[in-house]
Amino acid sequence: MGKKRYAVRDEEGAILVIVMLVLLLLTVMGRGAVTTSVTEMGISGNERLYKKTFYTAEAGFEHAKALLQTEFRQRNRARIASGQNPDWDFSLNGIVTGIQPATGLDFDGGAVWVRDTAFDDGSGLSGSYTVSVWNNPSDRGGITNDTDRLICVRSTARGPRGTTSSVEVLLLGQASGETIGGYSGQLGGGCNHVSRDVRAIADFSMR
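Counting from 16, one number per residue, gives the positions in the sequence shown under this note's numbering.
Treat the hints with caution; some may be incorrect.
Computed list of lysine to any residue pairs in SDA-like fashion (alpha-carbon distance at most 20 Å, straight line) [what the hints assert, rightly or not]:
#1 LYS66 with GLY113
#2 LYS80 with MET44
#3 LYS80 with ASP131
#4 LYS80 with LEU186
#5 LYS66 with LEU186
#6 LYS67 with ASP131
#7 LYS80 with ARG92
#8 LYS80 with VAL111
#9 LYS66 with VAL111
Please keep in mind that the hints were generated in silico from the structure rather than gathered at the bench. Note that the coordinates shown come from a computational prediction; the quantities given were computed from them, not determined experimentally.
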């Protein structure tokens, strides 16, 4: 009965080298996948932080707008009632209690209406905002005299990990169609024929 013979070749460790190369390749691919995943998570986290800070800046603007709107109605009642254009002087000249007057026609010289107010939406990422108001630089009235009914409002927010964001708006002040109270006025009695007319109506026949 014949015996099987196997040819034995001297591989000189080639198989081991190939295996090591495959392992190295898999290791590199794994590390690349991990790095990509970590990078994407970091980008996603940063985006979340910046969105949070931007929303905080928006909240600051809405806060200041509500304050300005209330004062605007109260301070301009007489002007609107007399047919004059309203203005934003009160927001710039320091007449409102607790508000220092503006000192320039830019953010640095603006009147601070809201300072370092904390904002937390419950997500655990708290922030704060500051809101400044200054006169429209194109206004010829100067720093505290508004003549074009336009003011600049900027809300600057600070969030977690040193993130910052700003919202800047050019705000137009104008009278709406609502009734303005708080002033006296005389209402006319309408057309009549028994009032103190010079020529009272006597003939009511159709013509």
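Comparing the hints with the structure gives:
Using a Cα cut-off of 20 Å, the hinted pair LYS66 and GLY113 is violated, with the two alpha carbons roughly 31 Å apart. Between LYS80 and MET44, the direct Cα distance comes to roughly 54 Å. Violation of the 20 Å bound is thereby established for this hinted pair. Note on LYS80 and ASP131: the hinted pairing holds, with a Cα-Cα distance of about 16 Å set against a maximum of 20 Å. The straight-line distance between the Cα atoms of LYS80 and LEU186 is roughly 9 Å, inside the 20 Å bound, and the hint therefore holds.
Restraint check for LYS66 and LEU186: not satisfied, since their Cα atoms lie roughly 24 Å apart, outside the 20 Å limit. For the proposed pair LYS67 and ASP131, the alpha carbon gap of about 16 Å is at most 20 Å, so the pair holds. Between LYS80 and ARG92 the alpha-carbon distance is near 18 Å, which keeps this suggested pair within the 20 Å criterion. Only pairs whose Cα atoms come within 20 Å are accepted, and LYS80 paired with VAL111 is accepted, the gap being roughly 15 Å.
For the proposed pair LYS66 and VAL111, the alpha carbon gap of about 33 Å is over 20 Å, so the pair is violated.
Against the hints set out earlier in the document, violations occur for numbers 1, 2, 5 and 9.
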